[in-house]
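As you go down the protein sequences, you meet chains A and B in turn.
Using my numbering, the first residue of the first sequence is number 8, and each one after it goes up by one.
Using my numbering, the first residue of the second sequence is number 8, and each one after it goes up by one.
Calculated directly from the structure, the hints in this document are not laboratory data.
It should be emphasised that the depicted structure is a prediction, and the values quoted were computed from it without experimental measurement.
You may find that some hints are simply not true.
The list treats identical chains as one, so a pair stands whether inside a single copy or across any two.
Derived BS3-like pairs: lysine-lysine, alpha-carbon spacing no greater than 25 angstroms straight-line [stated by the list, open to error]:
hint, residue 1, residue 2
1, Lys52, Lys101
2, Lys337, Lys202
3, Lys172, Lys124
4, Lys342, Lys163
5, Lys96, Lys172
6, Lys172, Lys125
For reference, the chains in residue letters:
2 protein chains.
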Amino acid sequence: MRYIDEQSIEKIALGAAVLGTGGGGDPYIGKLMAKEAVRKYGPVKLMSIDELNDDQLVVPISGMGAPTVTIEKIPSESEITAPIDTLEKVLGKKVDVVMPIEIGGINSLYPIIAAAKKGLPMLDADAMGRAFPEAQMVTFHLDGFEPSPVTMADDKGNAVVLYPKDGVWSERLARVLTVEMGGSSSVCDYSLLGKEVKTSAIPDTLSLAEKIGEYLLDNELKEQLRINKMLDELKGYRLFEGKITDIERGLSGGFTRGKAKFEGIRDEQGRTFTLYFQNEHLVAKEADHLLCSTPDLIAVLDVETGFPITTERMKYGARVVVVAFPCHEKWRTQKGIETAGPRYFGYDFDYTALEELRKES
Amino acid sequence: MRYIDEQSIEKIALGAAVLGTGGGGDPYIGKLMAKEAVRKYGPVKLMSIDELNDDQLVVPISGMGAPTVTIEKIPSESEITAPIDTLEKVLGKKVDVVMPIEIGGINSLYPIIAAAKKGLPMLDADAMGRAFPEAQMVTFHLDGFEPSPVTMADDKGNAVVLYPKDGVWSERLARVLTVEMGGSSSVCDYSLLGKEVKTSAIPDTLSLAEKIGEYLLDNELKEQLRINKMLDELKGYRLFEGKITDIERGLSGGFTRGKAKFEGIRDEQGRTFTLYFQNEHLVAKEADHLLCSTPDLIAVLDVETGFPITTERMKYGARVVVVAFPCHEKWRTQKGIETAGPRYFGYDFDYTALEELRKES
Numbered sequence: 008m009r010y011i012d013e014q015s016i017e018k019i020a021l022g023a024a025v026l027g028t029g030g031g032g033d034p035y036i037g038k039l040m041a042k043e044a045v046r047k048y049g050p051v052k053l054m055s056i057d058e059l060n061d062d063q064l065v066v067p068i069s070g071m072g073a074p075t076v077t078i079e080k081i082p083s084e085s086e087i088t089a090p091i092d093t094l095e096k097v098l099g100k101k102v103d104v105v106m107p108i109e110i111g112g113i114n115s116l117y118p119i120i121a122a123a124k125k126g127l128p129m130l131d132a133d134a135m136g137r138a139f140p141e142a143q144m145v146t147f148h149l150d151g152f153e154p155s156p157v158t159m160a161d162d163k164g165n166a167v168v169l170y171p172k173d174g175v176w177s178e179r180l181a182r183v184l185t186v187e188m189g190g191s192s193s194v195c196d197y198s199l200l201g202k203e204v205k206t207s208a209i210p211d212t213l214s215l216a217e218k219i220g221e222y223l224l225d226n227e228l229k230e231q232l233r234i235n236k237m238l239d240e241l242k243g244y245r246l247f248e249g250k251i252t253d254i255e256r257g258l259s260g261g262f263t264r265g266k267a268k269f270e271g272i273r274d275e276q277g278r279t280f281t282l283y284f285q286n287e288h289l290v291a292k293e294a295d296h297l298l299c300s301t302p303d304l305i306a307v308l309d310v311e312t313g314f315p316i317t318t319e320r321m322k323y324g325a326r327v328v329v330v331a332f333p334c335h336e337k338w339r340t341q342k343g344i345e346t347a348g349p350r351y352f353g354y355d356f357d358y359t360a361l362e363e364l365r366k367e368s
Numbered sequence: 008m009r010y011i012d013e014q015s016i017e018k019i020a021l022g023a024a025v026l027g028t029g030g031g032g033d034p035y036i037g038k039l040m041a042k043e044a045v046r047k048y049g050p051v052k053l054m055s056i057d058e059l060n061d062d063q064l065v066v067p068i069s070g071m072g073a074p075t076v077t078i079e080k081i082p083s084e085s086e087i088t089a090p091i092d093t094l095e096k097v098l099g100k101k102v103d104v105v106m107p108i109e110i111g112g113i114n115s116l117y118p119i120i121a122a123a124k125k126g127l128p129m130l131d132a133d134a135m136g137r138a139f140p141e142a143q144m145v146t147f148h149l150d151g152f153e154p155s156p157v158t159m160a161d162d163k164g165n166a167v168v169l170y171p172k173d174g175v176w177s178e179r180l181a182r183v184l185t186v187e188m189g190g191s192s193s194v195c196d197y198s199l200l201g202k203e204v205k206t207s208a209i210p211d212t213l214s215l216a217e218k219i220g221e222y223l224l225d226n227e228l229k230e231q232l233r234i235n236k237m238l239d240e241l242k243g244y245r246l247f248e249g250k251i252t253d254i255e256r257g258l259s260g261g262f263t264r265g266k267a268k269f270e271g272i273r274d275e276q277g278r279t280f281t282l283y284f285q286n287e288h289l290v291a292k293e294a295d296h297l298l299c300s301t302p303d304l305i306a307v308l309d310v311e312t313g314f315p316i317t318t319e320r321m322k323y324g325a326r327v328v329v330v331a332f333p334c335h336e337k338w339r340t341q342k343g344i345e346t347a348g349p350r351y352f353g354y355d356f357d358y359t360a361l362e363e364l365r366k367e368s
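Assemble the whole structure, with the sequences as input and the hints as a guide.
Structural data, given as structure tokens:
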């Protein structure tokens, strides 16, 4: 058992931005809020998955919406805890542990805020091992658990309880509500018992985010070495180094969608690359040649600092290193690929594991 | 106390199509379903508002969505009763009486189906005295009652409970859900106690619909006389007789919106008229001259039969009589006009009562 304090929040925020693969919301605002919450309510107890009791009620809390909106529409503490309160009323029992539904971006930090305010422990695990744009893209869904009842809140004082037919309908209904609520909401879905979470969640991902943050913040190392250390930890690869020459980004259906084009720099001079995203980076290509695709992870790092850049912060002229890491094995099953592979997002090619693509090239 | 049987359903459906002012859904499907329900479960007890006990739980049940969709996507009995079941769970008590939220169109018949299936009495009253396109356009909203908790169901097996901030947010959230659910849903909102309903609902409107239906079905009278009898009952006027020369109709934001143009026939030969609608008829004009506007009622009747034609059934070449009646006095208050007057629907003129417009012309 250990505690999350202001220092660990600094590291988690940075590491979660890497695992967020460009999405999950800019962690900057979440970081400030989480630090403030820990100052106000004290450090948050971090539980490992082994410490869970079978009958404890574990509740994921997350923010839903396009990251482009979250930058401008900062949630209040009570907006973040409201769906937990509603869930306790609906179930007629108290929540024992909160957890992140995804480790990427702001959603690794929301549960810290909720845990601090509610005086609850937080679980060192999530249900994606990264960030994904849609609510059914969770190991809980892959393992056959239902999201219902789903509770939601917004900044206007609206509260909602959904009993969706399945994970896909949960995503559809929650998404249109989020858009109508002004583009962001907070959500509890897939509340499960400890024994269920143990079989399905991806363990130790908050610690992993913290470790990545620690590497990237290590002032004793040069930025290229920091990145290398992180790639070793994540068994990842450098895809390319480039300069952003074109960026298209639009808000549609509650998502930030777009693509970015890159001209190679340094060793990749004269080559061109493209990244495609829907909140998160989904596909990296060199001309028509596939470099990496969802569900494997793609991250864009500032070439000077090694710090991750989210999709909504990518700017013309930025010089970046693009890296990739293998996803958790649950995403490489048939249901995993159906749920979050390239065809689900409308791309006309099959998933090939990152390691295979590296061997081919 | 009296009972609703198959004969009364026939009349109510017809009268409700008149009071539906072109909207509220085509009553044909609702009529078949209501008759079937009464055959299966027995006649439904109709309670007048005076017979309500103060502490009885009265629950409006209605279908939400664009009428154009309801024609093709027929709800099941259990889709209609599902939001009542959810409400009973949420409130932890049994519903005593069901009522129509609006008297117009299919929504006068849904509660008959629900009452029959659940073995409950139905209230002879509604909260509009007509049909309106948006959920906050109810006397309950004018009188300061809150819609929460709002329960919803669809044909897929999704259930939703909304705790909206107010009536306008209830409409916004329920509407986007309805669109996502495929364009139609069933809804319970503004569940109130008997003593509250007594102060706010518009009494005897189901009986009124039945009486109108009786006049229009009276084979002993010529159709012009049937219409005159109805106009006497409703203190209404003939606006014009015309032939539809142009009709624009689109589905947007969960509504059927459009306008119809008419060339005068018989006494009105050589004159041109326009009707504007959003599910319901909202404005009638002769060239630029206003003939009638919401919240007063406009109905389009077949010139041969005197039977009402809903907005989605209006066709090029149809020969019609367009009539208008004054709305209930609650709609002529400041809040009533703000809520459902012409400016709310985006028209750039103030409301003038139908009787005033008649005097002017």
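Now for the hints, and whether the structure bears them out:
{"no.": "1", "hint": "Lys52 / Lys101", "result": "within (17 angstroms within a copy, 43 angstroms between copies)"}
{"no.": "2", "hint": "Lys337 / Lys202", "result": "within (18 angstroms within a copy, 57 angstroms between copies)"}
{"no.": "3", "hint": "Lys172 / Lys124", "result": "between (32 angstroms within a copy, 24 angstroms between copies)"}
{"no.": "4", "hint": "Lys342 / Lys163", "result": "between (37 angstroms within a copy, 22 angstroms between copies)"}
{"no.": "5", "hint": "Lys96 / Lys172", "result": "both (21 angstroms within a copy, 18 angstroms between copies)"}
{"no.": "6", "hint": "Lys172 / Lys125", "result": "between (30 angstroms within a copy, 24 angstroms between copies)"}
In this structure, every one of the numbered hints holds.
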